[in-house]
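Those protein sequences? They're chains C and Z, same order as listed. Using the working numbering, you'd call the opening residue of the first sequence number 1 and step up by one each time. Using the working numbering, you'd call the opening residue of the second sequence number 1001 and step up by one each time.
By construction, these hints were calculated from the structure, which means they are not laboratory data. One should not assume that every hint holds.
Cross-link-like lysine to aspartate or glutamate pairs, in silico, EDC-like; alpha carbons within 20 angstroms at most [said to hold, decoys possible]:
#, chain 1, residue 1, chain 2, residue 2
1, Z, K1031, C, E90
2, C, K31, Z, E1144
3, Z, K1126, Z, E1144
4, C, K54, C, D82
5, C, K4, C, E36
6, Z, K1031, Z, E1144
Here are some chain C residues the structure puts well away from chain Z; computed CB gaps all over 12 angstroms [to be verified]:
#, residue
7, E100
8, A101
9, H172
Cβ atoms here follow ideal geometry from the backbone N, Cα and C, with glycine treated the same way.
2 protein chains.
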Amino acid sequence: MTIKLYDLCGKDKDRRFSPYCWRIRKALQHKGLNFETIAVPFTGIADIDGNGAKTVPMVVDGDIQITDSFAIAEYLDETYTDGPALFGCESAIGISRFVEAWTYSALHPSIVRMVAKDIHDILEEKDQTYFRATREKALKATLEEMHATRDQHRTQFHSNLLALDLVLRQQHYIGGNAPSFADFIVYGSLKWPAECSDYDLLPQKQRILDWYSRLDQ
Amino acid sequence: MTIKLYDLCGKDKDRRFSPYCWRIRKALQHKGLNFETIAVPFTGIADIDGNGAKTVPMVVDGDIQITDSFAIAEYLDETYTDGPALFGCESAIGISRFVEAWTYSALHPSIVRMVAKDIHDILEEKDQTYFRATREKALKATLEEMHATRDQHRTQFHSNLLALDLVLRQQHYIGGNAPSFADFIVYGSLKWPAECSDYDLLPQKQRILDWYSRLDQ
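The shape of chain C in the complex, shown without the other chains (with noise of 0.2 angstroms):
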């Protein structure tokens, strides 16, 4: 049975961004599952098979329909044992929720800061309207203010990705020798940006952009 993911999508709808529903992607083709993508705009969240979903990504597995990235790696997991693991154990669940917290804390703020006028300009009018007024109160910055600052935030974020470089010249994975879901999150927080912007805001590490390369496939 082919398992539908419901994927942010923009103006055109073969424009995928939304970095949780990246990691879930990924998440899918690691495992070697069957799925299929059903494009969605902002403000069609809420209408989705008409049960009031509020985020995507959202999956739905024959009866079982779960949103939330994180939860979602996990039932892939528990459910489908025979494929490559996104976790391993229980440990790597826990740490990889630190990874989870750190692109939260230490990545999105800045990415969102340099894209938000452009992922604003890749959406249809009605969710162009609805996304600068919840974005331009929650960073209490108007998209154009934001725009205009881009680089100052690309320095605090080049400096923050100072650890995916580190730990790449150990191994080719946050996950070791293979890729697991720690990998796919840091994935999906940097083909956000690539996704919706023509922005240069990777640093020019090789580590970094090797182990992008071979995510990106």
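Based on these hints, arrange chain Z on the given structure of chain C.
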């Protein structure tokens, strides 16, 4: 057989403050292993057992002798499989290396600047000379200059600890329900300033303070 842990000390040999040694002390306790510590000042490391060691911690277990805290932890888990695990699986080892890289890049630069002068002041004279020369060169500032600006470093330090605060909203330990080596890595980085300085540098985040207390026993 009792494992020997060579452990960095100050002028007072009971003053143990190396973050890397604390990781291993906690790891040995976690696994329920018998061990004794041998106090070594900075300038005594090269003379340990006459074998030209360059760093502590060094663990001697019968004929086995290992330096590098991460390698020691892997050795303990591989050798003593009866006690609680430090990792649990290969991907947990990989992701723990990410946590190590994060402490090194996001926490240590602030911590060393906040307490470098305090570390100096607890050392014996020969070590003071070595410590001042190496640290002032590496950090491009005098110990007194760093001491004068430590409140600024504390602000950045608190900001970088947000990932730890976030993950502890969901679970008791970085490793999930039970402490793992990733917990001991971060704990060691916070125990280090606590053992050599009276400077109040932890954030007033109850979850972090509670986690630290649970480990600090």
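* Asked: Which of the listed hints are broken here?
  -> Result: hints 2, 4, 6, 7, 8 and 9 break, sorted rising.
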